[in-house]
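There are 2 protein chains.
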Amino acid sequence: MRAAATSTAAALLAPRLTCSAIRARLSSSRLPLRRIAAMAAAPSSFRPEEARSPPALELPIPPLSKFKVAMCQLSVTPDKARNIAHARAAIEAAAADGAKLVLLPEIWNGPYSNDSFPEYAEDIEAGGDAAPSFSMMSEVARSLQITLVGGSIAERSGNNLYNTCCVFGSDGKLKGKHRKIHLFDIDIPGKITFKESKTLTAGQSPTVVDTDVGRIGIGICYDIRFQELAMLYAARGAHLLCYPGAFNMTTGPLHWELLQRARAADNQLFVATCGPARDASAGYVAWGHSTLVGPFGEVIVTTEHEETTIIAEIDYSLIEQRRQFLPLQYQRRGDLYQLVDVQRLGSQ
Amino acid sequence: MRAAATSTAAALLAPRLTCSAIRARLSSSRLPLRRIAAMAAAPSSFRPEEARSPPALELPIPPLSKFKVAMCQLSVTPDKARNIAHARAAIEAAAADGAKLVLLPEIWNGPYSNDSFPEYAEDIEAGGDAAPSFSMMSEVARSLQITLVGGSIAERSGNNLYNTCCVFGSDGKLKGKHRKIHLFDIDIPGKITFKESKTLTAGQSPTVVDTDVGRIGIGICYDIRFQELAMLYAARGAHLLCYPGAFNMTTGPLHWELLQRARAADNQLFVATCGPARDASAGYVAWGHSTLVGPFGEVIVTTEHEETTIIAEIDYSLIEQRRQFLPLQYQRRGDLYQLVDVQRLGSQ
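For the protein sequence lines, the chains are A and V, in the order given. Be aware that the first sequence starts at 1, since it is given in full-length UniProt numbering, and climbs by one per residue. Be aware that the second sequence starts at 1, since it is given in full-length UniProt numbering, and climbs by one per residue.
Nothing false has been slipped in among the hints.
Result set (SDA-like, lysine to any residue): computed pairs, CA atoms no more than 20 Å apart in a straight line:
1. V:K191 with A:Q321
2. A:K195 with V:S44
3. A:K195 with V:P48
4. A:K191 with V:F325
5. A:K198 with V:L326
6. V:K195 with A:Q321
7. V:K198 with A:F46
8. V:K191 with A:F296
9. V:K191 with A:Q324
10. A:K191 with V:R323
11. V:K198 with A:F325
12. A:K198 with V:F46
13. A:K198 with V:Y330
14. A:K195 with V:Q324
15. V:K195 with A:Y330
16. V:K198 with A:P327
17. A:K195 with V:S45
18. A:K195 with A:S113
Chain V stretches covered by chain A per the calculated footprint, using a threshold of three residues with CB under 8 Å from any CB of chain A:
19. 259-273
20. 295-304
21. 317-327
Okay, the calculated bits of chain A under chain V, using three or more residues with CB under 8 Å as the criterion:
22. 173-187
23. 215-227
24. 252-260
25. 288-298
26. 316-328
27. 333-341
Note that these hints are calculated values from the structure, not bench results. Each residue gets a CB set at the ideal place from its N, CA and C atoms; glycine is no exception.
Put together the whole structure using the sequences plus the hints.
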């Protein structure tokens, strides 16, 4: 499974290889997106192609461009076995309702706290009994033939703990693993103070995964505050950004929807988020409000704070439409500013 | 006046010179912002300082850190002399109400249309009778001792027309001139189609101006869609971004407030916008909704579509507070992504 994740990452880091590989792999696509080429023909002294370094990749053709996505806003308890069974039931119900892509919340197998992270952490590389949450997700993705963005769980690797999102293909294989890049260290006096860096180690790479339901960029919660990450994912050809998250009662009402809509509208792609249901008696009280946003920044479906699964349709042809209306990619000023994808550039 | 604008630009392009020059100039500041240094002390392998290239400048100490700002949402008619007198009266009323900074709308001296731009254009460099809108703004800023972000007017320079924002100091001098960088070329079938590039030429530089009321980054309308510009201004030490704008009835409800709030929250600074009042009989119908947003993405004051002047207080100490709560500047991952300010880097 490590090999699968690594090869996906390597393919994304080598864009020429990726493009041809993806075209070959996706030749059976059902609803190919038309190319937006008309406006690209005009030469420009503004060098919009240089506004992304390396230049942005073309949007790949996904195997499935119209499908149902489900966000399972789960209640989470201190009982890990219960949480695993509960998540499994929600995933099965979502698939029964036709979802081809299912999202889980951030830290869904136990309480969100620095005390709990070590206790509930799993050794994903060891798998099996060392990683019951991981094993359940792999098994259920395979048996239901769905793509699963498995929220996040605490991961133990050597002496380190990470806040980790595993993405499973419809064959149950691990397609990518995102370790939260930007740790949640904030201090709003009298409101919310939290330091993930007390116990967790930050991830070392952005994560983009090619799946049956398109190219997905992964961020976890606080990662959404860093617009550069979303811009970088868009430049790597992502159709959809998924952010498992657990915003709190202070930053949730202020920023949760704003950030999702801004990432979607600025980058003209889909954004899906999934948080835990609110438990007002928990040490950390989550905002809820799982949401799907379209490429015009429009909220397609959202919910309040209670346990629920929300399902909506994603239609990637809307990305092309929005980018034709507002051709930002050909209007950027590479002569004035440039976003560098450091790892992708370094791999070339 | 050209010399003043040029020297401001040169100072901003040479950060070391700027910092010391600003400290000397602003030694009489009334409410100096405290430094956010505590978290910067910790060494990090994430190299957050490299997330901006060149590294972000420190927030300068403004001469005035708490003051009233007025946004004059003006009605605009085909009668240029009337528009000039009307704008002057609104500016005078705002100053009488205590405003130290006044904003005007995009294209406020005549209709917003490709047919009208050449007819209403002024030769700013010639000044005097060749530029009656410009002359009025300079004179009124001096006589009222206010900073004036003069919305925008069509500017003729040689064979080119620009959509240009002039910023006047409280001495009436032109402190900076922003020519719209990203022209408004969009095509939403059945909704709104416009091509500014039919008649206008795009500006060649971002514009940051040091004024009595802080360091201000200027964008005009469509410029707000390009998050890179706002990020670049924040890295040049801006306290406030001003966007004269005239969003339309399609993109206004969809994106106007979203973009303002996103630029403010992501960059943790103030954003002020000013549009023309709506004239439903005009060829181009504007959305209105002039707004001031604070550094937490919070709307401080806004309005609907009718002619009005809205006044609110700006308190720059909120910037420091927000950046302490959420220290994004020390959490960015310069090891993963980097925003390059091409002109500032080139000048070093």
